[in-house]
Structures are given as structure tokens and as C-alpha cells.
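Trainee: For what it's worth, the working numbering labels the leading residue of the sequence shown as 23, then goes sequentially.
Just so you know, not all the hints are guaranteed correct.
Stated by the list, open to error - Straight line, CA to CA, 20 Å or less: simulated SDA-like cross-link-like pairs of lysine to any residue: (1) K109 / G125; (2) K109 / T55; (3) K109 / T48; (4) K109 / A73; (5) K109 / I35.
What the hints assert, rightly or not - Computed spacing ranges between beta-carbons, pair by pair: (6) P98 / L153: 18 to 24 Å; (7) I105 / P27: 35 to 41 Å; (8) G29 / L127: 26 to 32 Å; (9) L127 / V57: 37 to 43 Å; (10) A171 / R80: 20 to 26 Å; (11) L33 / L78: 35 to 41 Å.
Quick caveat, the hints were computed from the structure, so don't treat them as lab data. All C-beta atoms, glycine included, are put in the ideal place defined by N, C-alpha and C.
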Amino acid sequence: VHELPMGVAGLMIATIFALSFFFNDTGMNEIYTAVMNDFVERFFPGRNDGARQVRLARAGSVFWGIATTLLALYVPRLGIITIASRKVNQFFGGVLIGLFLLGMLSGRAGGRAALGAGLIGMAIVALVAQLTSASFLLYAPLGFLATMAAGFALSGLFAGPQADEVRGFHIARRRGGPLR
């Protein structure tokens, strides 16, 4: 910064701030859009006029802004940024892979079983992370195994999707039946 001509350093710093605001804003808009499409529109159909959507967008932006700020304040506790990103990826990655494979391998695991399995997998990984000195490299395999086991167990408790709803979305046996 000291080697740049006068004014250029300020422009570079202003550009970095502008880009960081742009990407942060884009991320919050993507999160809000997913919440609107996946939850609000689904559970409250027909009650979402333009004015209400704007109010929800503002409230959602404030909520996600506060949430990301609080998460950003926690980042220094994680250590070096490359290790911190690995910790976060290991923490969530195993559960996500478990949910993905649960949907592919089980023809009877529905939304409730998958949600319960994901929550159980996250809870187990969080408990291991907080209560033991296990390496963070074990979080992904642990989350994967916990999610898969819980998903197959819970799929027997909750009604699964109809066969025509999942046809083509999961791996089938050679004789054509879904894996159970």
C-alpha cells in the first residue's frame, strides 16, 4: 500500500470494501430467497403479496445479517483460516453427504426421517466436537455414519414417499425394486 501512488491505495481499499459488501449482500439475498421459496411459500401459500414479501425480506436480511456477524465473531476462535474452513467443512460435510446418500439408497426415507437424521447427525458431531479432544478430521465420517444410521432407523418410524415420487431419484436393484 505504501508503494502505490497517492489516492490509488484508497481506491483499492474502497474497492475491496465494495466487493465484500456486494458478495455479503448477494449471499444474504440467496439465503432469503431459499427461505421464501422453501418455507414461506410452502407453508403459507396465497398470503404473500408484494408488500408482505418486502417486509419479510427486510426482516430476513436483518436476521441473516446478525447471524452472519455473530458467526464472523466466532471465526477467530477457530485459528488459522485454512484450518477453520476445513473444520467447518468437516463439521457439516459428513451430515450433508449422509443425507444425500440416504435419499439415493433408501426408497422409504421421507422428509421427516431425513430431517431427523440430519439433526441427530449434527447433534452427535457437535457433542463430539465440544466434549472430546477428537481431531476435526473425524467429524465428517462421524456425521456421515450417524446421519445414515439415524436415517435408516427413522425411515421405519415415519411414512415414506410414494414409489412414483422417488422413481429415478434413488439407486434401484437389478430386479427393479428400491433398496430398503
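Trainee: Which numbered conditions among the earlier hints are violated in the structure presented, ordered from lowest to highest?
Mentor: 1, 2, 3, 4, 5, 8, 9 and 10
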